[in-house]
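The residues making up each chain are set out below.
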Amino acid sequence: MKIEQIKELLEKSGAFAWRITQTKTKRWEFYFIRHDLDQNRSADIENYQITVFVKSEDGKGVGSATAEMGPDETPEYVELTIKDLLFQASLIKDSYYELKAPAALSEAEETDVDLNRISANFMDTVKKLPETDEVFMNSYEIFVSDVKRRIVTSTGIDVTEKYPVSLLETVVNARNSEHEIEFYKLYDSGICMKNDLKTDLEKTFEYGPSRLVAGKTPSLGKADVVFSGEDAVRVYEYFKDGLDCAFIHMKYSSFKKGEPIAEGITGDKVTLKTLKNLDGSSMNMLTDPEGTPIEDRVLMEDDIPKAFHGGTKFSYYLGEKDTFIPGNYEVSGGSCDKDEILKGPVLECVFFSDFQVDTMSGDLFGEIRLAFLHEADGTVRPVTGGSISGNMKDFVRNMKMSKERSRYDNALIPTYTRLADVTVTGAE
Amino acid sequence: MKAPFSEYLEGIAPAVKKAVDDLSRDHDYVSALCTDSKGLVIRIGSRSRSISNKTMTTERGVVFRVCKDKKYSEYAVNTTDWSNPDAVIAEIRKELELQDDLLKTSSVSIFETGVLEDEPIEFFGQKETELLPEKTDLKTLTEKLIAISDKGMGMSDKIIECIARAQSTHISKMFLTKNRDLRQSYVYSEGMVAAVASADGSVKEDYKTVSGIRGPELFDEMEALLEPVVNGALELLDAKPIEPGEYEIITSPEVTGLIAHEAFGHGVEMDMFVKHRALGADYIGKRVASDNVTMHEGALCADNVTSYFFDDEGVMAGDVTEIEKGILKSGICDSLAALRLGVKPTGNGKRENFAHKVYTRMTNTMFDSGSYTKDEMIASVKYGYLLEGMQSGMEDPKHWGIQCIIQKGREIRDGKLTGKVVAPVIMTGYVPELLGNITMCSTDRMVFGSGGCGKGHKEWVKVADGGPYLKTKGRLG
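Which chain is which? The protein sequence lines are A and B, in order.
Quick note, the first sequence lines up with residues 1 to 428 if you use our numbering.
Quick note, the second sequence lines up with residues 1 to 477 if you use our numbering.
For the record, the hints were derived by calculation from the structure and aren't laboratory data.
A couple of the hints might just be wrong.
[What the hints assert, rightly or not] Lysine to any residue pairs mimicking SDA-like chemistry, simulated, CA-CA at most 20 Å apart:
no. : chain 1 : residue 1 : chain 2 : residue 2
1   : A       : 24        : B       : 81
2   : A       : 24        : B       : 94
3   : B       : 70        : B       : 101
4   : B       : 275       : A       : 116
5   : A       : 257       : A       : 302
6   : B       : 54        : B       : 138
7   : A       : 321       : B       : 81
8   : B       : 275       : A       : 133
9   : A       : 251       : B       : 158
10  : B       : 104       : A       : 116
11  : B       : 275       : A       : 393
12  : A       : 26        : B       : 91
13  : A       : 256       : B       : 202
14  : B       : 68        : A       : 31
15  : B       : 458       : A       : 356
16  : A       : 393       : B       : 138
If we strip away everything but chain A, and leave its shape as in the complex, we get (with noise of 0.2 Å):
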């Protein structure tokens, strides 16, 4: 079956308007304890995916109704499946929207996408660490994809485009005579960065001893809390999301255009940025996954919301029909060197189980795997056990970022990010 094909049945269905989404994607898997191949795997996947929209009989309401299929299905099936889909779409009715019409659009650049020399780069920067009896890799897994994606709507638009992404899962472990503990990263990324990589991962290495002979970490009450790395995103995510129209519309949001997000904000400010490219991203496409293409936009100055972003239903009940997806991002730099944002009494959080921010409620928790407690005498002790919590909503008045900044997969950010009078739970 080809897209042409089904395109053809869905404009003889009479569905009031209709999205097709092709992806192709071709990936290669290694999977290493220590250095030695566990095991090496290949997988070539084509997908369709078919929205059927369906315009109430009194035309003040818009149902849809979406259908996955591989590449193997027969006409008559991809016609029955167009069938059922408009009945389901009938069933349901949200209020009136409209898919957007084609953008003017860069032309496409067909990303040569070598998956061989890619999967070569990452074996040789992870076997180039700093290894040593003490610390070293225990696993590691990589995947690299050459996907290729094409969109095709009701309304005239039709973009492919061609990209790598990549994905490399890391397990380093440390020991002493006494026990043995791991990190566990995970590193999303376009093409190989072997740089960044290396950097990153030498950090790691670094934290090894010190998790070795952390203390427990002790019961702080309120303390001021720095996050970094993957965590640090998370905390950003509060933010994005927060202008994206769905929460908006669902009231899960209270921003609003021109207002600042809080009262009272008396530490750095955050301004939030869209970004078509940013390099080393997974996310480097030129259109959102409706078509809609991808700018560099202001969202939030100074935590004030400048402009709102989202896909197309959402973003037409706010009026706001200048909005897209977003891919990549990027924070501004705030007002601190990396010494003040560290400055005692603090708690830097390095590792935690599994850190999380609800974007929605603002709550935000975490256990500790290794965290240095900075002393307001300067002295600094590694830490673990115990958590975190607090709300995002009382943080963002005195929040402190660095104006150092560091990229991580498609979010570019203050490398350092210090919240205020954050709960911590004790381990001891």
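Since the structure of chain A is already known, use the hints to place chain B on it.
Only chain B this time, still in chain A's reference frame:
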């Protein structure tokens, strides 16, 4: 009726078998897992509604596993024209040769592994269901979900959204080797009702679920979830943060299940033993919990979303006693890990879908019941919390740390619930301590299968877990 087996898989079986036989001529082991699973998801909210045929486990494709010179490789595909199996065979050989070239160029050494057993087995299993997701009455079901959502929205001005979601998947899988032909089909379903409440700038959500190895008939049970969910969300608006500290706790069966899953689910996945990533390997035969604790894991030890006949490596489902009266007896194991460790596989080899690798994964992870009533357990608490509702969990198998994010805690003082609610609650601690302090288990037990489980932070599969109410001590924050 019995869940029908996929006609598509019946159709491609001879061609896949031909490919397996052909590859077997120059490989030490060859298998093919073929999948064709169809589904249905209806999500009804007051502001957004959708219908789709894609659930977490809908898929169609084939994955070949081959072993040559003690090295295992796989090729997954759904782009194949099965009328020409020779072309598929040629493609598999070409792809794996390309990868072999890279491995040679990069001087990669192999984790040498023996050859998997291929004793002859023929099996065909179908589980009972009243309805099929692909043939259910969508109009009636949609109206039922709309009615739940509408009723929830009308229950309080503070409810800003009420979502009713029903999803059902009809699984068909076929596992072929030179000597094995295993086929199975079954249907599992999950229903969820969620309510979002808002007041004074605070936004809180509560939810409850039903799940089972049944068809869409399960969704009749969803309406009963509505009132407790709406009340739960409203309750969360007034909940206060907990004073951090160690408390006597009683875990509801849902939280019990989360502990089972994180503590001695992930902690005894034996592919982690191969990598020396799990402390459990050193504790087989040793005490890891109190005498009151017995735990089982396996597709056969409960009827829920992952109660299959055989796993994704063609191993028949099992029921493993992991902990017996506090002593760690056994872990769970996929086939390759079993071969490497010199033990028998337990039927726990699972893939996210055909395109993903097999890992050792959980199925039903359950604490056994005890002899107390819930009321007796609450009455025994001087000062502590009844913990209800789970959000997420994470384990550290290397150090036996555990993190459980729990919806809420109900204060207990002098053996009585005071009505005070704290939320959210993060429970952390050391697994043997948490399980070692279990002093009471209730007579009843429940299974929950609406969640997904990742290996690390990826490779999502369906799992179920549960057990009775447990009384222990926990560090809450």
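- Item | Violating hint indices (sorted, rising) | 4, 7, 11 and 16
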